[in-house]
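Asker: Chain by chain, the residues:
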Amino acid sequence: MESRSHAGVVESTLPKHQLLDERGAVTEDDLLSPYTQDITVDDLQHLYRSMTKARRVDEEGTSLQRQGQLVLWVPLKGQEAAQIGSTWPTRPTDRLYPSYREHAVAFERGVEPSELMRYFRGHTAGGWDPEKHNLNLYTVVLGSQAPHAVGYAMGTALDRKAAEDAGTPLETEPEAVVAYFGDGASTEGEVHESMVFAASYDAPVLFFIQNNQWAISVPFATQSRVPLATRAAGYGFEGLRVDGNDILAVVAATRYALAKIRRGEGPVLIEAETYRMGAHTTADDPTKYRKREEEDQWGLLDPIERLKEHLRTAHGVADSFFETVAQENDDLARRMRADVLAMTPPEFVDRFEHVYAEPHALVAAERAEYLEYQAGFEDASDVHGTAAEGVGA
Amino acid sequence: MESRSHAGVVESTLPKHQLLDERGAVTEDDLLSPYTQDITVDDLQHLYRSMTKARRVDEEGTSLQRQGQLVLWVPLKGQEAAQIGSTWPTRPTDRLYPSYREHAVAFERGVEPSELMRYFRGHTAGGWDPEKHNLNLYTVVLGSQAPHAVGYAMGTALDRKAAEDAGTPLETEPEAVVAYFGDGASTEGEVHESMVFAASYDAPVLFFIQNNQWAISVPFATQSRVPLATRAAGYGFEGLRVDGNDILAVVAATRYALAKIRRGEGPVLIEAETYRMGAHTTADDPTKYRKREEEDQWGLLDPIERLKEHLRTAHGVADSFFETVAQENDDLARRMRADVLAMTPPEFVDRFEHVYAEPHALVAAERAEYLEYQAGFEDASDVHGTAAEGVGA
Amino acid sequence: MSRLTIAKAITAGLARAMDEDPKVMLMGEDIGSLGGVYRVTEGLKARFGAHRVLDSPLGEAGIVGTAVGLAQRGYRPVCEIQFDGFVFPAFNQITTQVAKLHARSEGRMKMPMTIRIPYGGVIGSVEHHSESPEALFAHTAGLRIITPSNANDAYWMEQQAIACDDPVIIFEPKRRYWLKGEVDESAPPGDPFSASVIREGRDATIVAWGPLVPVALAAANAAAEDGRSVEVVDLRSISPIDIDTITASVRKTGRLVIAHEAPTFGGIGGEIAARVTEQAFYSLEAPVLRVGAFHLPYPPAAVEEHYVPDLDRVLDALDRTFAY
Amino acid sequence: MSRLTIAKAITAGLARAMDEDPKVMLMGEDIGSLGGVYRVTEGLKARFGAHRVLDSPLGEAGIVGTAVGLAQRGYRPVCEIQFDGFVFPAFNQITTQVAKLHARSEGRMKMPMTIRIPYGGVIGSVEHHSESPEALFAHTAGLRIITPSNANDAYWMEQQAIACDDPVIIFEPKRRYWLKGEVDESAPPGDPFSASVIREGRDATIVAWGPLVPVALAAANAAAEDGRSVEVVDLRSISPIDIDTITASVRKTGRLVIAHEAPTFGGIGGEIAARVTEQAFYSLEAPVLRVGAFHLPYPPAAVEEHYVPDLDRVLDALDRTFAY
Ligand SMILES: Cc1ncc(C[n+]2csc(CCOP(=O)(O)OP(=O)(O)O)c2C)c(N)n1
Ligand SMILES: Cc1ncc(C[n+]2csc(CCOP(=O)(O)OP(=O)(O)O)c2C)c(N)n1
Ligand SMILES: [Mg+2]
Ligand SMILES: [Mg+2]
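So the protein lines, in turn, are chains C, S, B and L. Residue 451 is where the first sequence starts when you use the working numbering, and the numbers rise one by one after that. Residue 451 is where the second sequence starts when you use the working numbering, and the numbers rise one by one after that. Residue 30 is where the third sequence starts when you use the working numbering, and the numbers rise one by one after that. Residue 30 is where the fourth sequence starts when you use the working numbering, and the numbers rise one by one after that.
A portion of the hints provided could be inaccurate.
Listed below are the simulated EDC-like cross-link pairs for lysine to aspartate or glutamate, each with C-alpha atoms no more than 16 Å apart in a straight line [as the list claims (entries may be wrong)]: (1) Lys-738/S with Glu-71/B; (2) Lys-139/B with Glu-803/C; (3) Lys-139/B with Glu-808/C; (4) Lys-52/B with Asp-609/C; (5) Lys-139/L with Glu-803/S; (6) Lys-738/C with Glu-71/L; (7) Lys-582/C with Glu-135/B; (8) Lys-139/B with Glu-581/C; (9) Lys-52/B with Asp-615/C; (10) Lys-139/L with Asp-579/S; (11) Lys-139/B with Asp-579/C; (12) Lys-52/L with Asp-615/S.
If you're looking for bench data, these hints aren't it; they were derived computationally from the structure.
Go ahead and model the full structure; you've got the sequences and the hints to work with.
Answerer: Here it is, written out as structure tokens:
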């Protein structure tokens, strides 16, 4: 990591929470250890499955893109603990707002890998049903989903208040909302306004930052002198730093935060310190801006390896388990690949359907024009081959 | 002040610095007291003059507006210590970026009150020469001047670096830049991005927030749970809370910050806790949103009265001084009023001159059209009286 | 039937929408205790409570951005932008998020949000308080834009915007807030996304909207004195534009003048002129003429009347079109 | 004379401007070590140093906003916006600050800032990477907007923008970054704020800019095979628009087709059509026809070729204009 020295820096006093050390051994943390007491080996195996599944799909995504089957792929490798660890503790009634790299989040919320691939195949700007999974669509304009998450959270609180005012308080547990974004996105003004609004309205929202040390080629040190969790105190709410490659720490911090949020003490911010082990996207070349040694060092902190080590040593999980999981993932990847290749491409004319929810004169007119124009091509004499455009196209 | 309780609040630990108590007696402050040791009675009298002059001009502004001579006036009453206290310690080479209420800042930088009034008379969107006073123009779009200040500060540092690189390091003391904004504006995303950039580039900039408790009708509690100075630590730089109605504390904090900034340890943030004693603007009616008791309470904390008390009791300054100053201010106000009334209104055709610095075909064409159109009116038969527009205009 | 100012008609329209649907809520700077800087939301916080009339923190991106989330949760938020010149911090949210979410979600996610923007000049204020930025939103698909010119439209358009499942920006002609008119509470005046011929004529057509509608009517009156019969179309909807109504008028009159407060260059007038010319080419006796502001930043109040089109400029354009 | 791609011509233009004036500096996301996501600034950080090629924090408002201050301090900042769709967080700074400071200061404060925006579609990417938002900036007085369509213009326009004392937005046609052409380093091709007749013709005129210029030329070629002589005007400057050059062409040909990638509704085509029609009314044999994208958000890559005007759509418009 590039770091810069700042003569006037005020250092952060926030501790970095960890529950599994680099070799997968359990460490104690006063604040967070209580939040993992009930986690069973089954749970851990589930987490392992989810993390490896995401990684396997990720590999397949890169491969599909290299073969020209996707327009782009955004690798998540290295961030599996941060993503699965923050999603697993949520409930189906909690709404999640991903950015664009949260594939593991999406899978954990039940989105089919091939469903998600529609986006990266250039077939849709959506992909799944946000209501079905209680998972918002990806947002590419950095940080723009943060205020949406806060607004949704405000809405859940308003719903409860309305029910109380009506004398029929809701029996269900309060919902929480999770807003995902990266270290780079944290600089966007909209993220700041989101925090101000959340603090002002006590919005039940968790700001979950995956600090993967890089915003494309720009090192974290360019965005901030201090850990981003430090920002929370500036808005008067709690911020936690966690080892983002430690699935237990992420789970525990998320549970701690969600409990607090459900008690009406939100918002909370969690910064998971992790690493993007691969390229920013398939269009990126990290050798241009970061050192091999840095990658190697973080390679030693691989979140999947850490959990695997823990499963082996602390719980005696046998090799056969890991082999079975690998096999399942390969099967899944194969099925997904087949599904992707079998996808029916969209029809352009359908784009006119959803610009507006209600009838719209201009869209109707342009749709008619388009259809008429297209019909002209059936009359072969009238066709000018687009090939002629060749001039530098 | 309206305050709200937030179940999950993380309280600020920042102390509020004060050097003069509510009755004008000197109090000790470990950090800041050293920064006022050299202040003489002459200095204090200068500060008193500047503060009362600003207040007198302010009164005249309101009166001129009521008489239809200004399109709007923005009262500063109550914020004289915050403004004069932060401007006086700056040097002519320091660049200041006001918002729109910083009249005392402008006067202290040598802007003539009548020059400033051109803006409020609806004669200009500027008013003074920014280079001459090293004072940027007012900025009405809240917070938008903050990144400008940071950029200018980055520029001063780049200049020094360029000179060093060229082997001719500058002998002059490093410049500092001051960005003024309010508690309300602090919520704008651009203010956040300014802080990120300033921290990233070690920009020699002081963010000077006048927290006057209100953003029009919205109480500070809506913008933040904690003092805004607390935000600075989230960016890894120092933030100070000062009693903004205590001129000595403001001067000392500003000196402390400027010294740090000149040493290359910037940025720094100062939050001056003060109060807008009057209306937001002449178009505002504070009785709609705040209690008389609150105004009365803050009335007891009037910054001018506090300095006057201090001058009287600690330095034995006689009544004649205060009377002379009052007389001077009245004279000044009278002269200003005369100047305002004597102002030549602008010519619309001049608007075409400064849209662009270089020739522009469309502007030239529209200017010609306008002149031709205007010339048509000299031909009386062709004139339709604008009075006819009466319909609801 | 009540006789109301445009401002009070808006208040009444908002109140009725809030009465009829508990999911309708208002957000914005100073809209609560103060009732808005123009007092348009006066009394609504007291009536509907602080949780339905939110005095927001001071961030336009935050206001519109949280409204997106509230809409996703089933609310129908109505955001007030305090003045036209302060909508730009929210420009990203409006352009890249609000406008696109319905399309991106393939129709699954509705965005029933209303954005109220008091707009236009000649109010004798300081910079950034007199802008007419409608063209900057109209170019983006996914947004609907309407602007009332009278109390009845104001009353109903607010309700229609709120009831619409698409995001609607209402540009409110703030210098006409005190213009009174009859409001018929019994039934809406029809499709808010249509233009309306508010004065019939044979010799030329003027299209205007919002604050310039009274000017267009005054011009038609003045022209009548000169023996010219001028038809006036109140555009009402800026996106979509009801081009058929305008074209039908032009087919009849053969001449068209478009008047808007925004600068001519890049304004909506160009879009109307291009479309009408394409659709009614053989009916036009003269090129479509546009009357707009100059390619200058909105000027200081002392000279703003030279900048914003007034009666004389519209009459001048009429003279010019008749000269063809 | 060198044969360069548009991308490399821009790199060379930037380098030369930096060489000639130490106050020229570059700012933007990923423009330093990476050399920009399109490698347009490749090598410049190594050559001119990290203090003249700033890898900015990730905030567009911060980039443009600090550039304002740097300009006030005497620098000539060149900001890169990574993609067209990400300029909106900076919209407030560009519209309310950058555009207005010279006018507000009554000419005292120059704003020699350049904003580079790679724009346009058909690059097979995901949403927000293919927008053509030029109309959203052209409406605002105080900004100049240019767009090169070939390497020589690219090389010189960058330098001319940087040398200009006004803020200039350069929309760079990113899908043409790899289009090669001759660059004559010895002398600039003239006023960057003028249009250029790049192919002479008698029967109709096509106006296009940036990425659609090669399409317009191809259309003229195809039309020639049908015996039609089509003139092609490369607009080059979007604000101001060199309307005289277009009008002169239309006076000669009597027919005009305007092609742009941006949606037709509210696009710059409307402005050109309205102006040309006003100035050359009696010369027009047919209404000005516009070929633009539909009133839809930019669609997913799989169908983008139906959305952005292509050769066939331009030829179709030519057929239609000849049918009048
Ligand atoms: C507003 C905006 N500006 C620029 C971009 C281009 N861009 C896409 S990803 C990225 C870096 C994001 O970094 P970070 O937030 O740390 O997320 P990460 O990619 O590391 O997951 C940039 C600059 C964008 N998508 N949106
Ligand atoms: C971007 C923007 N939004 C809204 C406004 C309208 N407005 C002018 S002053 C003001 C309140 C500002 O409060 P604060 O920043 O605390 O400064 P103060 O007026 O108290 O000095 C508002 C909302 C504006 N000028 N700019
Ligand atoms: Mg990152
Ligand atoms: Mg305030």
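Asker: Taking the hints in turn, state whether each one holds.
Answerer: Hint by hint, here is what the structure shows:
1. Lys-738/S with Glu-71/B: Holds, because 10 Å separates the two Cα atoms, which is no more than 16 Å.
2. Lys-139/B with Glu-803/C: 13 Å, holds
3. Lys-139/B with Glu-808/C: Holds. Lys-139/B to Glu-808/C sits at ~10 Å (cutoff 16 Å).
4. Lys-52/B with Asp-609/C: Given pair Lys-52/B, Asp-609/C holds - Cα atoms ~9 Å apart, limit 16 Å.
5. Lys-139/L with Glu-803/S: 13 Å, holds
6. Lys-738/C with Glu-71/L: 10 Å, holds
7. Lys-582/C with Glu-135/B: 14 Å, holds
8. Lys-139/B with Glu-581/C: Roughly 12 Å separates the two Cα atoms, so the pair holds.
9. Lys-52/B with Asp-615/C: Roughly 14 Å between the alpha carbons, so the hint for Lys-52/B and Asp-615/C holds.
10. Lys-139/L with Asp-579/S: 12 Å, holds
11. Lys-139/B with Asp-579/C: Roughly 12 Å between the alpha carbons, so the hint for Lys-139/B and Asp-579/C holds.
12. Lys-52/L with Asp-615/S: 14 Å, holds
The earlier numbered hints are all upheld by this structure, with none contradicted.
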